[in-house]
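Generate the whole structure from the sequences, applying the supplied hints.
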Amino acid sequence: NAGVTQTPKFHILKIGQSMTLQCTQDMNHNYMYWYRQDPGMGLKLIYYSVGAGITDKGEVPNGYNVSRSTTEDFPLRLELAAPSQTSVYFCASSYSGGSNYGYTFGSGTRLTVV
Amino acid sequence: AQTVTQSQPEMSVQEAETVTLSCTYDTSESDYYLFWYKQPPSRQMILVIRQEAYKQQNATENRFSVNFQKAAKSFSLKISDSQLGDAAMYFCAYRGRGTSYGKLTFGQGTILTVHP
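Chains as they are written, first to last, in my numbering: chain R, 967 to 1080; chain E, 39 to 154.
The set of hints was computed from the structure by calculation and includes no laboratory data. Heads up, the beta-carbon is just placed ideally off N, CA and C, and yes, glycines get one too.
Derived DSS-like pairs (lysine-lysine); straight-line CA-CA distance at most 25 Å:
1) E:K141 - R:K1010
2) E:K111 - E:K93
3) R:K980 - R:K1010
4) R:K1010 - E:K111
5) R:K975 - E:K141
6) E:K93 - E:K116
7) E:K141 - E:K93
8) R:K1010 - R:K975
9) E:K108 - E:K141
10) E:K141 - E:K111
11) E:K93 - E:K108
12) R:K1023 - E:K141
Which chain R residues stay away from chain E? Per the calculated CB distances, all over 10 Å, these:
13) Y1030
14) S1035
15) R1043
16) L1077
What follows is the structure in structure tokens.
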């Protein structure tokens, strides 16, 4: 049981380039989330999805896009990367929105935009 | 909107001693969950303990326990018999049970250092 898998683990991106951070889970969770963590700060929600075909913005969605074509996959797209997007990105999943079991987190992607 | 505040950016403790990390939150919801997550240098987010707001009894997981004061909106984490492996960043998090779609709201984190 792999849980939540994120790729890549590290990446350096040039300003103006685009890339996709991959996230897949094998637990049949309906709810999936993308968070970013800036140095010395807590995690902030970028986008979330409550099921295949349904996505919505979180607290800091600007500069990002997501899609959810299957239950398992929830990729995060960065368009026209900017230095402000340098961060650690976490994908997470949950069985339901009302679950008391918190999230299952991926191991994170450290992204540097130069 | 819900907010979570951790007022201690850094804490330190001697090995085998006890330390308490503070967390306060603000919400208008009556039913919710609270969590403490541990983030070691590996970056992995590890669930330490959880508390359901409707339960008056404080949650306990081995050396970790919480002091949940619903009226005061306070949720502190006590680590007993601290070990070197407890050194990490600790995050307090809130999750509403209503229409917030399970979104977690995190505090800013507390860096815990354990001295041998």
